[in-house]
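2 protein chains.
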Amino acid sequence: MTTVSIIGNGNMGTAIGDIVAAGGNTVEFIGRDADAAITGDIVVLAVGYPAVADIIAAHGEKLAGKVVVDITNPLNFETFDSLVVPADGSAASVIAGKLPDSTVLKAFNTNFAATLASKSVGGAAPTTVLIAGDDGDAKALLASVLGAAGVDAVDAGSMARARELEAIGFLQLTLAVQEKVGWAAGFALTK
Amino acid sequence: MTTVSIIGNGNMGTAIGDIVAAGGNTVEFIGRDADAAITGDIVVLAVGYPAVADIIAAHGEKLAGKVVVDITNPLNFETFDSLVVPADGSAASVIAGKLPDSTVLKAFNTNFAATLASKSVGGAAPTTVLIAGDDGDAKALLASVLGAAGVDAVDAGSMARARELEAIGFLQLTLAVQEKVGWAAGFALTK
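For the protein sequence lines, the chains are A and B, in the order given. So the first sequence is residues 3 to 193, counted in the numbering used here. So the second sequence is residues 3 to 193, counted in the numbering used here.
Worth double-checking, as some hints may not be accurate.
Which copy is meant is left open, because identical chains are indistinguishable; a pair holds if it fits in one copy or across any two.
[To be verified] Taking lysine-lysine and the DSS-like style, the derived pairs with C-alpha atoms no more than 30 Å apart in a straight line are:
1) Lys182 with Lys68
2) Lys100 with Lys193
3) Lys100 with Lys68
4) Lys182 with Lys121
5) Lys68 with Lys121
6) Lys193 with Lys121
Hints are computed from structural coordinates only; laboratory data are not their basis.
Please take these sequences and the hints and turn them into a complete structure.
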């Protein structure tokens, strides 16, 4: 049994929480109350990138020793033409730098919430959660939580690959806002 | 009727040439003979990134006024851990800088050759060619050549989005060499 704490109760946090519960694992939703206890082995930061700094300020010390999952797409949402993180880095690596006592993973940022709920991308292929990070055990733990609910996960490589995952999330968002793909569709990984 | 000249006769050049011909357009294959005439309205550089510099040295002046399509994935193939172009740029933008009198597009780099031949990604979704570039007419011309053969194309945005297309191509190649996806599968764009 794994406990997953989710900070943020928007459509992504809700969809991820539903998957955790469907797999028979324990989910707890954490608000922004800095006094809230965080019991999860895995903590999902299910908020937008601009909110992450406040989350870390409120909860950072309690994240030590835990697997922390960054799901963000750090777009400049005014221009939809660039990311707000270093071109040779990623939001995930920035967050990892701020949480040196946590094991940070990148995941879920290439999945629209509706594809997590339906387990299908555009009705064409099963939803796959791409996971990047430098700790194989942490990636395997998250993959096991997903697998328990019948959701595929693929190890996308080291933390350096978060850059590519964020590029996919960025492009997918630009295509969706232009209505070139639907919010229940987008990039599917086929095998 | 559009004429497409293809430089390079590997599996990608062959697959692209087959699509051009299937759509009733004209295809010509160009070798590395610097004296060869190039008659195409569209010229596809269907070679690996390391070979592009020699192609431009041999044929560059003849590419003026033409739509030039870069299909490369500029990986460091020794490490499979990075690209060899600037992190905030792309191979396509580097090539565009060397061909100021041509209209450069990025396309095909997210498509494995087998998915161009079969028009299917992993048996799950139709193959989609993602095209990035700053000239809408050029993108529409390439899309029309593909559409004539029943191959979907999606305008992925400006030349700046070549960075994201190359990130997708990079990640897809790393997954394929690790046998996490097949060479007839990979990322499918669903709508």
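Verification of the hints:
1. Lys182 with Lys68: Result: close only across copies, 27 Å inter versus 38 Å intra.
2. Lys100 with Lys193: neither (35 Å within a copy, 37 Å between copies)
3. Lys100 with Lys68: Classified as within; 14 Å inside a copy, 49 Å across copies.
4. Lys182 with Lys121: Both, since 21 Å and 19 Å are each at most 30 Å.
5. Lys68 with Lys121: within (27 Å within a copy, 44 Å between copies)
6. Lys193 with Lys121: Result: close both inside a copy and across copies, 16 Å intra and 15 Å inter.
Hint 2 from the earlier list is the only one contradicted by this structure; the remaining hints agree with it.
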